[in-house]
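Peer 1: So you can see what is in the structure, the chains are spelled out below.
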Amino acid sequence: NAGVTQTPKFQVLKTGQSMTLQCAQDMNHNSMYWYRQDPGMGLRLIYYSASEGTTDKGEVPNGYNVSRLNKREFSLRLESAAPSQTSVYFCASSEGTGSYEQYFGPGTRLTVT
Amino acid sequence: GENVEQHPSTLSVQEGDSAVIKCTYSDSASNYFPWYKQELGKGPQLIIDIRSNVGEKKDQRIAVTLNKTAKHFSLHITETQPEDSAVYFCAASTAWNNDMRFGAGTRLTVKP
Chain A
1 NAGVTQTPKF QVLKTGQSMT LQCAQDMNHN SMYWYRQDPG MGLRLIYYSA SEGTTDKGEV
61 PNGYNVSRLN KREFSLRLES AAPSQTSVYF CASSEGTGSY EQYFGPGTRL TVT
Chain B
1 GENVEQHPST LSVQEGDSAV IKCTYSDSAS NYFPWYKQEL GKGPQLIIDI RSNVGEKKDQ
61 RIAVTLNKTA KHFSLHITET QPEDSAVYFC AASTAWNNDM RFGAGTRLTV KP
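Protein chains in written order, with the numbering used here: chain A, 1 to 113; chain B, 1 to 112.
For the record, the hints were derived by calculation from the structure and aren't laboratory data. All values reported here derive from a predicted model rather than from experimental measurement. Positions of the beta carbon are idealized from the N, C-alpha and C atoms, including for glycine. One or more hints might be untrue.
Unchecked claim - With a Cα cut of at most 27 Å, we get these calculated DSSO-like pairs of lysine-lysine:
#1 K37(B) <-> K9(A)
#2 K37(B) <-> K57(A)
#3 K42(B) <-> K14(A)
Said to hold, decoys possible - Per the computed footprint, the stretches of chain B lying under chain A, defined by three or more beta-carbons under 8 Å from a beta-carbon of chain A, are:
#4 17–27
#5 65–75
#6 80–88
#7 100–110
Stated by the list, open to error - Counterexamples of contact, computed for chain A against chain B with all Cβ distances above 10 Å:
#8 M19
#9 H29
#10 S31
#11 S67
#12 S75
#13 S84
#14 S99
#15 Q102
#16 G105
#17 V112
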């Protein structure tokens with residue numbers, strides 16, 4: 001099992017450009033998440049999908065959109081990138097929401113200039 | 001919403017010593033408290049978790065204690081080894097809440 005995979009690993013964007021971060025899991029998990037990690041701030045939830053066909057906002061959703069393409073895949077889209085979105089982005093999955101272990105991908109380091 | 005504070009932000013110990021990281025949370029409804037370890041260039045990985053119906057849980061050299069009255073929980077690592085060097089995150093959530101809140105992290109360095 002590959003677990004949770006993310007593409008790309010690194011990306012540099014100019015302000016105003018758009019891009020989509022891809023995430024896939026092969027553990028047959030129902031729930032998937034997108035976090036951003038900034039120095040000194042831990043992980044903050046951007047969006048999550050409790051189950052296929054549903055998505056909800058987390059703590060910091062502004063400037064992002066998500067799509068739960070199917071049970072395996074959950075993508076994060078930046079429509080018009082801003083320097084404040086420079087961060088490391090992690091995708092995670094779990095069997096269910098709440099008190100289940102979350103499995104994290106290796107992350108995408110995004111720089112917006 | 002939930003707010004999780006974690007201390008210290010950095011911790012340096014000698015190999016073989018113990019390390020303790022402490023977290024406090026604000027939402028009394030929180031009942032699930034995981035700890036994640038993040039090695040350089042990788043995603044966080046769960047090392048231990050505790051639910052509110054127990055006060056302590058141990059797994060080999062790692063233990064977690066929970067004080068629901070005071071709303072704090074701690075990670076204890078005994079007989080530390082250089083491979084324990086990493087960033088550790090605490091988190092808190094409820095069984096019905098999908099918004100798990102993480103602490104800011106503790107960078108642990110174990111000196112050989």
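Peer 1: If a hint holds in the structure, say so; if it does not, say that too.
Peer 2: Status of the hints after comparison with the structure:
1. K37(B) <-> K9(A): 20 Å, holds
2. K37(B) <-> K57(A): With a Cα-Cα distance of about 25 Å, the restraint between K37(B) and K57(A) holds, given a limit of 27 Å.
3. K42(B) <-> K14(A): 25 Å, holds
4. 17–27: violated (count 0)
5. 65–75: violated (count 0)
6. 80–88: violated (count 0)
7. 100–110: holds (count 6)
8. M19: 20 Å, holds
9. H29: Check passes; 13 Å lies beyond 10 Å.
10. S31: 7 Å, violated
11. S67: Non-interface label stands for S67(A): nearest chain B Cβ at 17 Å, farther than 10 Å.
12. S75: 17 Å, holds
13. S84: 18 Å, holds
14. S99: 4 Å, violated
15. Q102: 7 Å, violated
16. G105: Incorrect as stated: the minimum Cβ-Cβ distance to chain B is 5 Å, not above 10 Å.
17. V112: V112(A) clear of chain B: closest Cβ-Cβ about 21 Å, beyond 10 Å.
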